[in-house]
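K.L.:
Residues per chain are reported as follows:
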Amino acid sequence: EPEVTQTPSHQVTQMGQEVILRCVPISNHLYFYWYRQILGQKVEFLVSFYNNEISEKSEIFDDQFSVERPDGSNFTLKIRSTKLEDSAMYFCASSEWEGRVFFGPGTRLTVL
Amino acid sequence: GQQLNQSPQSMFIQEGEDVSMNCTSSSIFNTWLWYKQDPGEGPVLLIALYKAGELTSNGRLTAQFGITRKDSFLNISASIPSDVGIYFCAGQADAGNNRKLIWGLGTSLAVNP
Numbered sequence: 001e002p003e004v005t006q007t008p009s010h011q012v013t014q015m016g017q018e019v020i021l022r023c024v025p026i027s028n029h030l031y032f033y034w035y036r037q038i039l040g041q042k043v044e045f046l047v048s049f050y051n052n053e054i055s056e057k058s059e060i061f062d063d064q065f066s067v068e069r070p071d072g073s074n075f076t077l078k079i080r081s082t083k084l085e086d087s088a089m090y091f092c093a094s095s096e097w098e099g100r101v102f103f104g105p106g107t108r109l110t111v112l
Numbered sequence: 001g002q003q004l005n006q007s008p009q010s011m012f013i014q015e016g017e018d019v020s021m022n023c024t025s026s027s028i029f030n031t032w033l034w035y036k037q038d039p040g041e042g043p044v045l046l047i048a049l050y051k052a053g054e055l056t057s058n059g060r061l062t063a064q065f066g067i068t069r070k071d072s073f074l075n076i077s078a079s080i081p082s083d084v085g086i087y088f089c090a091g092q093a094d095a096g097n098n099r100k101l102i103w104g105l106g107t108s109l110a111v112n113p
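Chains as they are written, first to last, in this note's numbering: chain A, 1 to 112; chain B, 1 to 113.
Honestly, I wouldn't trust all of these hints.
[Claimed, not checked] No more than 30 Å apart at the CA atoms, straight line, and that leaves these computed lysine-lysine pairs for BS3-like: (1) A:K42 - B:K51; (2) A:K42 - A:K78; (3) B:K70 - A:K42; (4) A:K83 - A:K57; (5) A:K42 - B:K36; (6) A:K57 - B:K36; (7) B:K51 - B:K70; (8) A:K78 - A:K57; (9) B:K36 - A:K78; (10) B:K70 - A:K83; (11) B:K36 - B:K70; (12) A:K83 - A:K42; (13) B:K51 - B:K36; (14) B:K51 - A:K57; (15) A:K57 - A:K42.
No lab work stands behind these hints: they were computed from the structure.
So that you can see chain B by itself, here it is in the shape it has in the complex (with noise of 0.2 Å):
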């Protein structure tokens, strides 16, 4: 089946450092998501991107797709706090009315003030 490698596992960097993750795949996907989880609570959507090559800004996030559709990163700029948590990329094959997603296993991220 379908596999995404999401790196690092884990990240421990100072405030106000910059951050960058990344997903890869076995396989094409057609659309790249990336989430943001907090302990307990549900993922929350940061960036969606749809084309390979785009690059897709949310505040002090940027992400992009890969030329080969296969792969995706995520950048934070100028880390705060509260970027404290769980970051998941997901990547959807979108094969007609199967719009499942397929889970990395997370990056998890901490900041030291």
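So that you can see chain A by itself, here it is in the shape it has in the complex (with noise of 0.2 Å):
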């Protein structure tokens, strides 16, 4: 069954460096998203992306952050400086016309 994948699994970085989170999103879907969840939490969105373009973004999603789908089969999520609470499992989602959202396996950044 195809699924989304993520790399890599765990990523630990220095404050104030930049990280790039890689997502193949599945194959026909055409809505993705990144999600992330810190310890414990619940699910936060972050941002949803279609037909090229951010189609909804939070208010964690800060100039910051920034995706990009730089072919047909990934989809990145770039850190420009990250910070200690920027600490989570970082998760990708995709999803056909219809509504069930399909995730990933999940990144987990940590941010010393």
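Each chain sits in its own coordinate frame; assemble them with the hints.
P.N.:
Below, the structure is given as structure tokens:
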């Protein structure tokens, strides 16, 4: 069964460094998302992406964040200058026209 | 903003018992989704609901989309140890190209064998 994949599974970085989290959504899906989950808390929406542009972003998704779909398969989240509070699990997700949203296994980001 | 209240926050049951959890919203959703998340892993979609009043099953799981479109419940029958995990409801308002999910806080389920 097709699934969303994410790399790396765990990223450790120093505060102030740039990180890029990578995702390969399910191939025939049209909507792409990034969510994050701080340890022990609920999943939080970051950004949705459709037709090669951001369709909505949350307050969390400030100027330090950006997304890109550089080719027909990858979807990336970049954090330009990481902060300690960016430490979380970051989930990529994708969906077709209907409401079923499928999530990847996540990237655990640790900012030291 | 939109809020989802999910209850109970946690449950500790005996193997074989049935489980029920629910979510209520302050606003209307067009889609309700139920996910299960194991520690350190991504949410896994269990059931998707698209119409008010819809009742859908997936094995021992049954979920319903409330008539008012502001609530949903998930039932698990005859629980087994592998049902342990955190269950999340998520609602989607589905306005145009915005398909973001609003999440409940989760129900943590523990099953005593």
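K.L.:
Compare the structure with each hint and give your call.
P.N.:
We went through each hint and held it up to the structure:
1. A:K42 - B:K51: 25 Å, holds
2. A:K42 - A:K78: 22 Å, holds
3. B:K70 - A:K42: 19 Å, holds
4. A:K83 - A:K57: 19 Å, holds
5. A:K42 - B:K36: Satisfied, since the Cα-Cα distance of roughly 12 Å is no more than 30 Å.
6. A:K57 - B:K36: Holds: A:K57 and B:K36 sit about 25 Å apart, inside 30 Å.
7. B:K51 - B:K70: With a Cα-Cα distance of about 12 Å, the restraint between B:K51 and B:K70 holds, given a limit of 30 Å.
8. A:K78 - A:K57: Holds, at about 14 Å.
9. B:K36 - A:K78: 27 Å, holds
10. B:K70 - A:K83: This hinted pair is violated, its Cα atoms lying about 37 Å apart.
11. B:K36 - B:K70: 21 Å, holds
12. A:K83 - A:K42: 20 Å, holds
13. B:K51 - B:K36: 21 Å, holds
14. B:K51 - A:K57: 27 Å, holds
15. A:K57 - A:K42: Roughly 17 Å between the alpha carbons, so the hint for A:K57 and A:K42 holds.
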